[in-house]
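As they're listed, the protein sequences go chains A and B. Straight run, no breaks: the first sequence in our numbering ends on number 385. Straight run, no breaks: the second sequence in our numbering ends on number 770.
Take the hints with a grain of salt, since some may be wrong.
Said to hold, decoys possible - Covered stretches of chain B (in silico footprint by chain A; criterion: 3 or more residues with CB under 8 angstroms from a CB of chain A, positions within the stretch not fixed):
#1 468 to 479
#2 510 to 516
#3 709 to 723
Worth flagging that the hints you see were computed from the coordinates, not collected in a lab. Beta carbons are placed, not taken as given, at the ideal position from N, Cα and C, and that holds for glycine.
2 protein chains.
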Amino acid sequence: MHVLSDESIPPSEYQERIQTLRYGLQAANLAGMVSFGDCWRGANICYFTEFRPLDGVSDIANAIFFLDLDEEQPSLFVSRQCVDYATEVTSFPVYSFDEMKARLEAFAARVQTGTLGLEGASYITEDLSRRVRASIGNLTLKDTQVLAEIKAVKSENEVALIRKASALTDIAMASIRDALADGKQHTERELALIADRAMLAGGAERTGYDSMVQAGPRSAFNLARPTDRVLQPGDLVMTDIGARYRGYVADGGRGFTYGNVSPDKVAIVKAAAAAVEAGLAAARPGITASSLNATIQQALVNSGYEQFSTEARGHGTGHGTGMDPEEAQPWIGPGNETTLRENMVFTLKATITVPGVGGLRTERIVRLTATACEPLDEFPMELYW
Amino acid sequence: MHVLSDESIPPSEYQERIQTLRYGLQAANLAGMVSFGDCWRGANICYFTEFRPLDGVSDIANAIFFLDLDEEQPSLFVSRQCVDYATEVTSFPVYSFDEMKARLEAFAARVQTGTLGLEGASYITEDLSRRVRASIGNLTLKDTQVLAEIKAVKSENEVALIRKASALTDIAMASIRDALADGKQHTERELALIADRAMLAGGAERTGYDSMVQAGPRSAFNLARPTDRVLQPGDLVMTDIGARYRGYVADGGRGFTYGNVSPDKVAIVKAAAAAVEAGLAAARPGITASSLNATIQQALVNSGYEQFSTEARGHGTGHGTGMDPEEAQPWIGPGNETTLRENMVFTLKATITVPGVGGLRTERIVRLTATACEPLDEFPMELYW
Numbered sequence: 001m002h003v004l005s006d007e008s009i010p011p012s013e014y015q016e017r018i019q020t021l022r023y024g025l026q027a028a029n030l031a032g033m034v035s036f037g038d039c040w041r042g043a044n045i046c047y048f049t050e051f052r053p054l055d056g057v058s059d060i061a062n063a064i065f066f067l068d069l070d071e072e073q074p075s076l077f078v079s080r081q082c083v084d085y086a087t088e089v090t091s092f093p094v095y096s097f098d099e100m101k102a103r104l105e106a107f108a109a110r111v112q113t114g115t116l117g118l119e120g121a122s123y124i125t126e127d128l129s130r131r132v133r134a135s136i137g138n139l140t141l142k143d144t145q146v147l148a149e150i151k152a153v154k155s156e157n158e159v160a161l162i163r164k165a166s167a168l169t170d171i172a173m174a175s176i177r178d179a180l181a182d183g184k185q186h187t188e189r190e191l192a193l194i195a196d197r198a199m200l201a202g203g204a205e206r207t208g209y210d211s212m213v214q215a216g217p218r219s220a221f222n223l224a225r226p227t228d229r230v231l232q233p234g235d236l237v238m239t240d241i242g243a244r245y246r247g248y249v250a251d252g253g254r255g256f257t258y259g260n261v262s263p264d265k266v267a268i269v270k271a272a273a274a275a276v277e278a279g280l281a282a283a284r285p286g287i288t289a290s291s292l293n294a295t296i297q298q299a300l301v302n303s304g305y306e307q308f309s310t311e312a313r314g315h316g317t318g319h320g321t322g323m324d325p326e327e328a329q330p331w332i333g334p335g336n337e338t339t340l341r342e343n344m345v346f347t348l349k350a351t352i353t354v355p356g357v358g359g360l361r362t363e364r365i366v367r368l369t370a371t372a373c374e375p376l377d378e379f380p381m382e383l384y385w
Numbered sequence: 386m387h388v389l390s391d392e393s394i395p396p397s398e399y400q401e402r403i404q405t406l407r408y409g410l411q412a413a414n415l416a417g418m419v420s421f422g423d424c425w426r427g428a429n430i431c432y433f434t435e436f437r438p439l440d441g442v443s444d445i446a447n448a449i450f451f452l453d454l455d456e457e458q459p460s461l462f463v464s465r466q467c468v469d470y471a472t473e474v475t476s477f478p479v480y481s482f483d484e485m486k487a488r489l490e491a492f493a494a495r496v497q498t499g500t501l502g503l504e505g506a507s508y509i510t511e512d513l514s515r516r517v518r519a520s521i522g523n524l525t526l527k528d529t530q531v532l533a534e535i536k537a538v539k540s541e542n543e544v545a546l547i548r549k550a551s552a553l554t555d556i557a558m559a560s561i562r563d564a565l566a567d568g569k570q571h572t573e574r575e576l577a578l579i580a581d582r583a584m585l586a587g588g589a590e591r592t593g594y595d596s597m598v599q600a601g602p603r604s605a606f607n608l609a610r611p612t613d614r615v616l617q618p619g620d621l622v623m624t625d626i627g628a629r630y631r632g633y634v635a636d637g638g639r640g641f642t643y644g645n646v647s648p649d650k651v652a653i654v655k656a657a658a659a660a661v662e663a664g665l666a667a668a669r670p671g672i673t674a675s676s677l678n679a680t681i682q683q684a685l686v687n688s689g690y691e692q693f694s695t696e697a698r699g700h701g702t703g704h705g706t707g708m709d710p711e712e713a714q715p716w717i718g719p720g721n722e723t724t725l726r727e728n729m730v731f732t733l734k735a736t737i738t739v740p741g742v743g744g745l746r747t748e749r750i751v752r753l754t755a756t757a758c759e760p761l762d763e764f765p766m767e768l769y770w
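Please work from the sequences and hints to get the whole structure.
Next up, the structure:
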């Protein structure tokens with residue numbers, strides 16, 4: 001009954017992913033893995049099945065993927081209301097959350113002792129975590145990144161989908177540029193909506209996340225939602241926009257000046273672009289995430305914006321992306337000695353926010369080739385509109 | 386700096402809400418309230434401030450509203466990255482999560498003993514719940530619905546926004562009807578996208594939740610995401626679609642037959658519509674939620690679909706809606722002896738899913754007037770396309 005399109009991840013690839021995870025868990029000396037995902041942060045689930053939970057305040061929003069190394073097949077636990085749908089699009093057994101306790105208890109009774117990995121620890125609900133912990137007897141539940149590390153390296157099919165999402169994000173930026181060209185008044189909220197419409201018109205299945213457009217003094221806020229503020233000539237404008245295409249997302253950031261602006265605003269645009277350029281030039285397989293981070297961080301420090309940039313102060317200059325806008329690996333930050341590998345996909349970013357002046361985040365999405373890095377988005381970084 | 390539009394909730398209304406909550410907590414003998422919300426289920430936060438968390442796997446996705454009955458003003462705890470934005474749009478003090486421990490400890494040290502209400506218990510993250518519990522000394526943290534009950538009754542401003550979201554949802558259904566009129570082939574996924582585009586074109590700030598369109602055998606799944614299945618003449622089609630407009634949402638459900646269909650499919654459409662009609666006729670202030678539920682439930686049982694309808698089997702026939710698609714109160718279900726009141730806004734629904742035949746969910750959004758109920762959406766319930 002289930003129809004696959006040319007762009008669907010083929011069933012064989014899902015099988016390979018499960019096999020790779022099995023090896024990873026064995027190597028980490030784990031007895032199995034509990035992986036939590038929800039409607040909005042689905043990667044820990046959707047990496048193995050087309051099933052994605054639904055929006056809600058109840059258990060329809062959640063799912064748990066469970067792999068017991070002694071079992072032939074993994075299990076998926078979902079709300080009772082979603083079992084039919086999940087069964088249709090999943091190649092392994094699906095159970096309702098009502099059945100989770102008994103199945104985990106049987107696993108714990110057999111294994112007796114050892115450690116079970118938990119993926120998604122930073123956002124699992126208290127309710128589900130309690131239910132898991134109460135069902136695993138003497139086993140220890142331990143936060144892991146085994147899955148995060150595996151899915152940091154993307155397949156050809158995945159890269160094609162992220163490339164498409166990146167192209168849709170470029171279209172969104174072009175739609176903002178075109179809208180501003182009419183010389184009329186536009187609010188942040190209107191421009192965000194224009195970007196969203198452009199992504200959907202281009203075939204995005206939705207936005208990757210709620211679009212951010214922040215103008216003037218509001219561009220100096222690190223993260224904010226759009227308001228009814230009208231763009232004024234002289235503003236620096238921060239945007240953070242990404243499309244979702246068939247389960248994969250882009251995470252993009254661009255800022256621009258609007259009308260005639262003071263030189264300090266142009267300097268901010270140039271400094272962020274130069275820092276990201278330095279990262280694009282340095283990124284390649286074989287170096288560590290921390291060394292790539294150091295390149296961008298140092299460029300920001302050198303530009304003189306150290307006190308106005310979280311990246312310059314060591315909070316990281318990029319992160320994995322793919323099925324979720326933000327994935328745990330590779331985190332491009334201080335102390336992450338993970339070696340970067342071909343086909344890792346991640347962002348490289350520089351945020352500069354000067355209170356009273358303005359700011360922007362310039363964020364590119366890249367794939368590592370055999371020897372260097374290929375940006376998956378194409379929109380220019382220095383924008384003076 | 387912050388610009389308010391004509392449609393913004395006025396600051397005075399936010400103040401009234403806080404005052405009403407204060408009375409509610411006193412009446413419930415609570416020392417205060419911790420209210421959790423996230424980027425997607427924001428009602429527990431956005432009821433008091435225009436701040437809404439951002440999409441992410443880290444703490445940017447979360448927020449905690451804290452009201453200590455002994456303090457003049459409540460507090461809002463958010464990610465450090467969101468403090469500037471939250472401060473701009475919030476009328477009371479904002480702190481970063483880093484400061485939460487010390488503030489809760491000071492509260493606990495003063496209060497010494499008693500109970501602190503927790504709102505959002507079913508979806509609070511394990512991480513944040515742990516941090517709250519570890520900071521409140523001898524106080525007990527207890528799940529409450531004090532806030533849920535207060536915000537079940539909507540203000541005039543709120544009803545106006547929900548009405549707008551409902552009108553945008555009607556437009557989405559009309560766009561599906563118009564798309565199907567061309568006689569060409571359409572997939573579930575295409576139709577969902579057409580609905581999303583129509584909502585955004587009409588001015589929706591986004592969809593209220595990811596649109597569901599399920600055709601043929603898939604319409605017999607209670608909840609599912611759209612796939613590449615092409616609609617076939619003879620299909621019953623389930624849709625579940627709602628728009629978001631300036632922080633308020635509609636939650637709508639309609640099914641339709643496509644082309645010439647067998648009489649059993651028409652009968653399903655008629656039975657669901659008749660059950661919801663019975664609810665619309667019965668809904669009024671002064672009756673209990675459980676008695677309204679019984680009216681719809683009985684209509685479904687009488688129609689003969691008892692085994693194919695979750696509502697007929699006592700799982701509830703409606704729920705509050707407003708800032709989140711699904712709000713906890715009023716829950717229209719068995720055992721809820723809450724008395725319905727004027728200006729409560731909620732859905733009334735009937736789902737019938739017959740495996741191998743198909744199904745639909747007919748879901749209306751209504752507001753209680755002084756004496757009866759007024760549907761906020763207008764799209765017809767019996768659709769034969």
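Chain A covers the segment 510 to 516 of chain B, three or more CB atoms within 8 angstroms, holds or violated: holds (count 5)
Within 8 angstroms of chain A (C-beta), three or more residues of the segment 709 to 723 of chain B: holds (count 5)
Claimed coverage, the segment 468 to 479 of chain B by chain A - three or more beta carbons nearer than 8 angstroms: holds (count 4)
Of the numbered hints listed earlier, not one is contradicted by the structure.
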